[in-house]
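As given, the protein sequences belong to chains A and B, one line each in that order.
The letter at position 245 of the first sequence is residue 244 when you use numbering that gives the first Met the number 0, and the numbering goes up by one with no holes.
The letter at position 479 of the second sequence is residue 478 when you use numbering that gives the first Met the number 0, and the numbering goes up by one with no holes.
Honestly, the hints are just simulated from the structure, not real lab data.
Virtual Cβ for every residue (Gly too), placed ideally from N, Cα, C.
Worth double-checking, as some hints may not be accurate.
Some, not all, of what chain A presents toward chain B, calculated at C-beta under 10 Å [unchecked claim]: (1) Arg77; (2) Ser89; (3) Arg199; (4) Tyr373.
For lysine to any residue, the following SDA-like pairs were computed, each having C-alpha atoms within a straight-line distance of at most 20 Å [said to hold, decoys possible]: (5) A:Lys92 x B:Ala559; (6) B:Lys366 x A:Ala122; (7) B:Lys446 x A:Gly348.
Only part of the chain A face toward chain B is listed, based on derived beta-carbon distances under 7 Å [what the hints assert, rightly or not]: (8) Ile106; (9) Gly109; (10) Gly111.
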Amino acid sequence: MSRRDTRLPARRRRTLGAVVAGAAALVLGGCAQDAPQDTWQPAGDNAQKIHDLQWPVFLVAGVIGVIVLAVVAFAVVRFRDRGQPMPEQSHGKPALEIALTILPALILVGVGIPTVSTVFDLAEEADTECIINVTGQQWWWEYDYPVQDGCGGISAPIVTSGQLVIPADTNVLLRLTSRDVIHSFWIPKLNGKKDTVPGRVHTLRMQADEPGIYAGQCTEFCGLSHANMKMEAVALFPADFQTWVANQLEDYQAPAEGSLAAEGEATFTANCAYCHQVNGLTTTAPDGSVTPVLANPDEFVVSGAAPNLTNLMTRNTFAGATWDLLTEECRDRVWNAPPEEFGERYLAGVSADCLNEVDLREWIRNAPAKKPMYATADQAANSGGKFRGMPALGLNESQIDQIIAYLLERH
Amino acid sequence: MAIIERPSTPAVVGAGAGAPAVVTPSQAYGVLRRPVAATGWRSWVFTVDHKKLGIMYGVVSLFFFLVGGFEALLIRLQLAGPEGTVLSAGLYNEMFTMHATTMVFLFVMPMAAAFANYLVPLQIGARDVAFPRINAFGFWCFLAGAIFINTSWFLGGAADGGWFMYQPNANALFSPSHGIDFWGLGLQITGIASLTGAVNLIVTILNMRAPGMSLMKMPIFTWMILVIQFLLLFAMPVITVALFLLMFQREFGATFFDVSAGADPLLWQHLFWIFGHPEVYIIVLPGFGIVSEVLPVFARKPLFGYRFVVFSGAAIGFVGWGVWAHHMFASGLGPVSVAVFSVATMLIAIPTGVKIVNWTMTLWGGKIWFSTAMLFAIGLIVEFTIGGLSGVTHAVAPSDTQQTDTYYIVAHFHYTIFGGAVLGLFAGFYYWWPKIFGKRLSESLGKWNFWLMIIGMNLTFGPMHIIGLQGQPRRMMNWTEARAGEGFFNLGFWNRVASVGSLILAVGVAFFIVNIWVTHRPSSKTPKSELDPWDARSLEWITQNPPKEHNFDSIPTVHALDEFFHRKYEVDHDTGEVTKVASAEEILAAEEAKADHHIHLPSPSYWPIILAFSLPVMGYGVIFNRFLIVAGALGVLLAMFGWALEPSVADDSDYDPPAEGGSNKELATIG
Chain A
0 MSRRDTRLPA
10 RRRRTLGAVV
20 AGAAALVLGG
30 CAQDAPQDTW
40 QPAGDNAQKI
50 HDLQWPVFLV
60 AGVIGVIVLA
70 VVAFAVVRFR
80 DRGQPMPEQS
90 HGKPALEIAL
100 TILPALILVG
110 VGIPTVSTVF
120 DLAEEADTEC
130 IINVTGQQWW
140 WEYDYPVQDG
150 CGGISAPIVT
160 SGQLVIPADT
170 NVLLRLTSRD
180 VIHSFWIPKL
190 NGKKDTVPGR
200 VHTLRMQADE
210 PGIYAGQCTE
220 FCGLSHANMK
230 MEAVALFPAD
240 FQTWVANQLE
250 DYQAPAEGSL
260 AAEGEATFTA
270 NCAYCHQVNG
280 LTTTAPDGSV
290 TPVLANPDEF
300 VVSGAAPNLT
310 NLMTRNTFAG
320 ATWDLLTEEC
330 RDRVWNAPPE
340 EFGERYLAGV
350 SADCLNEVDL
360 REWIRNAPAK
370 KPMYATADQA
380 ANSGGKFRGM
390 PALGLNESQI
400 DQIIAYLLER
410 H
Chain B
0 MAIIERPSTP
10 AVVGAGAGAP
20 AVVTPSQAYG
30 VLRRPVAATG
40 WRSWVFTVDH
50 KKLGIMYGVV
60 SLFFFLVGGF
70 EALLIRLQLA
80 GPEGTVLSAG
90 LYNEMFTMHA
100 TTMVFLFVMP
110 MAAAFANYLV
120 PLQIGARDVA
130 FPRINAFGFW
140 CFLAGAIFIN
150 TSWFLGGAAD
160 GGWFMYQPNA
170 NALFSPSHGI
180 DFWGLGLQIT
190 GIASLTGAVN
200 LIVTILNMRA
210 PGMSLMKMPI
220 FTWMILVIQF
230 LLLFAMPVIT
240 VALFLLMFQR
250 EFGATFFDVS
260 AGADPLLWQH
270 LFWIFGHPEV
280 YIIVLPGFGI
290 VSEVLPVFAR
300 KPLFGYRFVV
310 FSGAAIGFVG
320 WGVWAHHMFA
330 SGLGPVSVAV
340 FSVATMLIAI
350 PTGVKIVNWT
360 MTLWGGKIWF
370 STAMLFAIGL
380 IVEFTIGGLS
390 GVTHAVAPSD
400 TQQTDTYYIV
410 AHFHYTIFGG
420 AVLGLFAGFY
430 YWWPKIFGKR
440 LSESLGKWNF
450 WLMIIGMNLT
460 FGPMHIIGLQ
470 GQPRRMMNWT
480 EARAGEGFFN
490 LGFWNRVASV
500 GSLILAVGVA
510 FFIVNIWVTH
520 RPSSKTPKSE
530 LDPWDARSLE
540 WITQNPPKEH
550 NFDSIPTVHA
560 LDEFFHRKYE
570 VDHDTGEVTK
580 VASAEEILAA
590 EEAKADHHIH
600 LPSPSYWPII
610 LAFSLPVMGY
620 GVIFNRFLIV
630 AGALGVLLAM
640 FGWALEPSVA
650 DDSDYDPPAE
660 GGSNKELATI
670 G
């Protein structure tokens, strides 16, 4: 691909930039090693463009700051009252004033020109190679992949949540909207943020140089659980991405008859499937007729949506990416994977050994106790009986066991 | 003088319609006597004196500064460690919403109004503002609105939508408590204070300056206040409209921002920020005006480039209208708008930079006296410069999309608002305290006050730059170890530093309160201040400390910028040598010797406070019971008629015992 040729010099430029930026950062307290949402560690073209623009500005601002503070400090020490006579009553020097007005104006022209060109650069949509629709609602994100030739080809719609899976080294265009209030989509290492506004569709470019997980968070205040509305972008090599797509589109696998998971399927259908869609799930009536189970979250939830759980265990998080589905040890294995091994580890999904059962169990038992939401009956009274988030379902422990067993098979 | 005198001949209205109706406003219409007491609580509650109103503005806003500070401490306590549990999610959201609301609307704005009310008439050589009863009405509206907003804490919860109340999150569906109703209606009421104050001060400054004081000889503080009043005059109507739309949307089912009805929630953002951006200059320019007074006094030389400071202030006020969308770089405006507003935002850095240059050059070549007021003023130059420069980094729109709604922005606006506005106000406290209260605050406690506040603010807000660039969004009730990172820049460490810093800041502020107590407690040994404790330069010092009720025995005639300085000192224009030719006492004695013998001051009135406190009754009515709207409206109507029919000067019969020789009292009886 021709893209690769252009990327190498870009990397070298980055190294150079990083050295200079490092110096600026020491002054301004920017760049650091390990916070996953560090805004000074771009991992894709778009974030890189922003970074290339911002570090010189920080540097210039830092230098000006140091000069001003040094002049003030000097004046304060040099011209302190040491018994000298009353100073000359000078009213100013217009030439100096004008010079010191023009100088910052010139600096700002120097900043303004690349700013404007970067603004237009980042709004470019013509080079899109893959489109994903992103919808925010209190307090989670839904990702849906329309049928397209892009993204290496997607033959049927995929609806998922928790983690935005994208092909690496590909120009992805996110089409963002919201079902309730304004949210903001932000994966700092891949691009700046963009608000998701109900009734509007905004676009945001995404591109990740290498496979890996990139953390993000909703950044427009969106109510009670704003802090618990996180997201993760997962980049996979295009081949791995195709594996992921194929996996998402696999037919429904009913649990083995008589297994705990099979009981779970019935419990799930009776308690969860009102809101949560599992594609391919069916019920069989006493007369033998088979009907698909269709979720209808519109009736129960203010936003009118609940996460699609068809392939829950291919994701690593749940409840608005607030909790991990993986135990800490397994999570670290995925997060710390070198790029070439990342795809394999991620695509393994969540196995029974790796499942973080503690948090998942607490969540199913009493979701509003774990994540602040308006999901009790009194609170729902304010919104026409509809919840904002998952209510406590009053399930007993064996029902929860069944549901977990069932969900564990949702690969 | 624009103070209305009692007409000596009957006014004629309705001429041309048969027999003219004759109205003599001096006639008493009410059954109650005018509250003419010169002492006791009545002399404060019913006063129309700009100085008493200024002090009351100051006391109330200082109280709300402490309230807002307490809210801030709770927020920092919550964020001191991961997964904080000091506050619930809902209470946390109320806390940061009310922290901002309190600090912006109930502290910085009214504290600026306190200074403006007290000082503008003194600085321009006037005996009061143009409309004294409207001035009183403004203060009581502010107090009524402030109380109204804060009663929400006890009536189902305070506002929880963030101080910019983005739609649709601020709708009744998503914020079912009455908090946002209290917030919106309360700000309408305090908004009346801002608007009446703006009209009042503009008229006062443009019409009531002492003879000889051309606009370019006007003290710089008054200039900045004038710019601010024009900003308020045009900005308050915008937020008023927005708040009405919000009220109708929440209370009466309107759909101004409702997507399903074809509207766009971004309309709210535009309305809010068209108000909100001028608002930040409304907040910060008083501080700029104060330090522009303080720096020359303590550097013993005139403000460097007075004209540049005036025009840059006006330029900030003007360009400030064209940058509102920089608060919305991430809201999807499209690249053309973003580019335009990005460049406009950079433009505003230029006049702001001019001010910093001029302040620095004022210090240059001076003879600097490090009084507490001066320390705060120098602190402002330093801290505001940091805030201004971080502002430039997010004028760069693409860079802003990484920074907006993170703690980096929180750091930025605290450096500008705390470092710009609040440090300026503290410089003003220490500088004008002897003018207003007749005693200097303790300088040694003042130094503690200053250094602890400076250290505290840098420890609190400095780390927020790091926290924000490390990706921590604002308005989150907690942060988690999983996203905190490790190493030098880890969020955990710097969040703790910020929390410790906030405690130091609080102790610094406590020193200010202690300082007031130590200076004014009954057993205080603090002597009465000298007449001219700082060797000041402007007109407000050519009168006693504190000034008499009528400010000046005779209105000074102005010949120069820094009039007072030029009366005290003679400057040899060839050598630049400065010689003292008169003392402050001599100058004052000369002025008092030619005292005016007929000074008319308007009398106190019941109506402003009655009118103002009828408004929250209507507010409660909107929220709880529509009958209360009617009750409040009757109060409004009564007060308006009472006010309209009340003469500006009390009738002789209002005095007990009745005044003799007419209510145009001789100097001796009012002084």
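(request) Kindly indicate which numbered hints from before are broken by the structure, ordering the numbers from low to high. (result) As far as the earlier hints go, 6, 7, 8, 9 are violated by this structure, in ascending order.
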